[in-house]
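Asks: Given the coordinates of chain A, assemble chains B and C onto it according to the supplied hints.
In case you want the letters, here they are:
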Amino acid sequence: MLNKRIIELLVGLFILVGIIAMFVLAFKVSGLSMYSGGGSFHVAAVFDNIGDLKVRAPVTIAGVRVGEVDSIAIDNSTFKAEVGMYIDKKQDKLPADTTAKILTAGLIGANYIELIPGYNESNLKEGALIIDTQPAIVLENLVGQLIYKLSGEKK
Amino acid sequence: MTDNFVEIIGLHFARNDHWVLNDVNLRIPRGKIVAIMGPSGSGKTTLLRLISAQLRPEIGKVLVNGVDVNSLARSDLYKMRSLMGMLFQSSGLFTGLSVFENVAFPLREHTKLSEDIIRNVVLMQLEAVGLRGARDLMPSELSGGMAHRVALARALVLNPQLMMYDEPFTGQDPITMGVLVKLIKHLNEVLELTSIIVSHDVAETMSIADYIYVIADSRIIGEGTPEQIANDKSPLVNQFIHGLADGPVPFHYPANKYREDLKL
Amino acid sequence: MIGWIEKLGHAGLLFCEHVGVSGLFLLRTILRKPRVIRLFPLVVEQVYSVGVLSFVIVALSGLFIGMVLALQGYNILERFGSVEQLGQLVALSVVRELGPVIGGLLFAGRAGSSLTAEIGLMQATEQLASMEMMAVDPLWRIIAPRFWAGVISMPVLIAIFCVVAVFGSYLVGVEWLGVDAGQFWSNMQASVNFRIDIVNGIIKGFVFGIVITWIAVYQGYYAIPTAAGIGRATTKTVVYGSLVVLGLDFILTSFMLGGW
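Residue numbers (my numbering), protein chains in the order written: chain A, 28 to 182; chain B, 709 to 972; chain C, 100 to 359.
Okay, chain A solo, but in the shape it has when bound (with noise of 0.2 Å):
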């Protein structure tokens, strides 16, 4: 029987390493994410066409992220999509005629927004809605388009 005095030592060790370990996993591993309502606010956005837009999908200005998408829903009455989505409240001063664009990262990447800024004078607040968007591009609209095209220049 091992000296008692070494066994709780080990042990002690063993659940230190397991904490260690959870540290690791959660900022090493995850880059512990800070959208969970802390430090960030929530608006909307209303588009034609979200594409391929999921949720968790970045949020970003300039190609940088700040935030990320937490909801994608129907409109009743309107029947177009409404996507919620977190902003670091780092950014609290987005103008609040600021646009929504749904870019694709990448050629056949996965799709994400881009908030583009207006030059209004007050701020983008806390539920505001942000109508004025573009939609996702469709791949077959826009080979309809080229084929149109195409066959207009024959002529």
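Just so you know, these hints were derived from the structure itself, not from any lab.
Since the model is a prediction, treat every value here as computed from it, not as a measurement.
Yeah, the Cβ is synthetic: ideal placement off N, Cα and C, and Gly gets one too.
Incorrect hints may appear among the rest.
[As the list claims (entries may be wrong)] Chain C side only, calculated, beta carbon under 8 Å to chain A, not exhaustive:
{"hint": "1", "residue": "V146"}
{"hint": "2", "residue": "Y147"}
{"hint": "3", "residue": "A258"}
{"hint": "4", "residue": "I259"}
{"hint": "5", "residue": "V262"}
{"hint": "6", "residue": "F293"}
[As the list claims (entries may be wrong)] Estimated spans, in silico, between C-beta atoms of each pair:
{"hint": "7", "chain 1": "A", "residue 1": "S98", "chain 2": "C", "residue 2": "R137", "range": "45 to 55 Å"}
{"hint": "8", "chain 1": "C", "residue 1": "Q282", "chain 2": "A", "residue 2": "N30", "range": "45 to 55 Å"}
{"hint": "9", "chain 1": "C", "residue 1": "G277", "chain 2": "A", "residue 2": "S98", "range": "35 to 45 Å"}
{"hint": "10", "chain 1": "A", "residue 1": "P122", "chain 2": "C", "residue 2": "Q282", "range": "31 to 41 Å"}
{"hint": "11", "chain 1": "C", "residue 1": "G281", "chain 2": "A", "residue 2": "E35", "range": "40 to 50 Å"}
{"hint": "12", "chain 1": "B", "residue 1": "G804", "chain 2": "C", "residue 2": "T352", "range": "31 to 41 Å"}
{"hint": "13", "chain 1": "C", "residue 1": "R137", "chain 2": "B", "residue 2": "A938", "range": "48 to 58 Å"}
{"hint": "14", "chain 1": "C", "residue 1": "R137", "chain 2": "B", "residue 2": "K769", "range": "32 to 42 Å"}
{"hint": "15", "chain 1": "A", "residue 1": "N168", "chain 2": "C", "residue 2": "G277", "range": "18 to 28 Å"}
{"hint": "16", "chain 1": "B", "residue 1": "A938", "chain 2": "C", "residue 2": "G111", "range": "52 to 62 Å"}
{"hint": "17", "chain 1": "B", "residue 1": "H818", "chain 2": "C", "residue 2": "L130", "range": "19 to 29 Å"}
Replies: Then chains B and C, alone, in the frame of chain A:
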């Protein structure tokens, strides 16, 4: 205060749909050594477990010190059990603890005595069974007989009034048997215990028992003092006590006729 | 024909009975006045034998699994030109599924079987019975510490497994196969969500720990007290424990992906 420390009245006990004990009546007088003997599997160990309420009878009562053990709530039952000590067939020593720690265990669990007092009590118990020098050994380093003696010391450490021995002599060498016989008798007198020995070692048991019950086929088939039992004329008791190979318990397991089997 | 149905019914009823007995057994073990000061050192001792001694097998397995995942992942991602997603692939697989499940299977095999064997042996050598005779409740003194030790050790072991696996995949992916370190980590961090993936993984760990330890101590306590009986009980612990882990994993995963 009753004359009999343990009384078993009209006991029936079943296991797996067959009666292990059928209408058993026993009295264990205070301060005496009573032996319960019988062939293997006759329910002797079961009786001990019924007395300590580890098992419940289907019908019948088990009275210890005048109290029906099966009517007690859990905490009262534990208090009742501290009046009893039991020596198990495989000694039941805790394999992770040394001899000293094993004997000290009941003291540490049930009393708030200081370490010095515990140490002295444990050493006194070990001295009584002759193993004070072995106190730092582990159970795996003990011989069977020594393990039994340690278990005995442990069972006695809280001063029980009743000691139950489950097959204490089985498988021991003659010297160890002699030691155990001497200890059981000696401790019974000195500590004013009541002892119940369950055994099928006829010679050893008869040498120290004051009264003997013989159990077979789930019933008591004979009882009396050692002299009375030795002279008992009933065939089963006779066969058992004298170790006869054939009698009511037949030599041959039931089988077809010999001639037919050999296909002659 | 009727004979078969009869046997099936009988087996079903027997199963229900076992679940009932084991449920009551568990309740009796955990629902007692917690004499924490007395219980704590016993639990510490058991965490050593259940957790610390499983550390090596869990860590080594984690390392190998991380490394193999990196190898296989690289092999497939290369075809799509997206090897920089390797970190994300490994981290999500390990944290969400492989960590809890494989950790659970290893735990059932190593710690579970040893618990069952130990308790079964104590039953067979009448140690538990003599403890009862000394008016000490073995459920409190022997079973409960082992149960709590299992519940505590399991999430710890899983966390260790995950970290070591990610590290192993880093070794293979970045150091050996040449995936860019920055992309490896940043893609991983971008896609692994603390609450959804890691916390859920740890929750799975707790649940598996409870169930495996419960099965292990139950099988040990009610084992037939012979050498063969203990052997059978140990086998049952490993088999039932493993099956339950896999089954529960499915149920928990569907809850978690459904968003709770």
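Asks: If a hint holds in the structure, say so; if it doesn't, say that too.
Replies: Hint check results:
1. V146: holds (5 Å)
2. Y147: holds (5 Å)
3. A258: This hint holds: A258/C lies near chain A, its Cβ roughly 4 Å from the closest one there, short of 8 Å.
4. I259: holds (5 Å)
5. V262: holds (4 Å)
6. F293: holds (5 Å)
7. S98/A x R137/C: 45 to 55 Å: At 51 Å between Cβs, range holds.
8. Q282/C x N30/A: 45 to 55 Å: holds (48 Å)
9. G277/C x S98/A: 35 to 45 Å: holds (40 Å)
10. P122/A x Q282/C: 31 to 41 Å: Holds, since P122/A and Q282/C (Cβ atoms, about 34 Å apart) stay within the stated range.
11. G281/C x E35/A: 40 to 50 Å: Holds - the Cβ-Cβ distance for G281/C and E35/A, about 42 Å, lies within 40 to 50 Å.
12. G804/B x T352/C: 31 to 41 Å: Given range 31 to 41 Å: holds, Cβ gap about 40 Å.
13. R137/C x A938/B: 48 to 58 Å: holds (52 Å)
14. R137/C x K769/B: 32 to 42 Å: holds (36 Å)
15. N168/A x G277/C: 18 to 28 Å: violated (40 Å)
16. A938/B x G111/C: 52 to 62 Å: holds (56 Å)
17. H818/B x L130/C: 19 to 29 Å: holds (22 Å)
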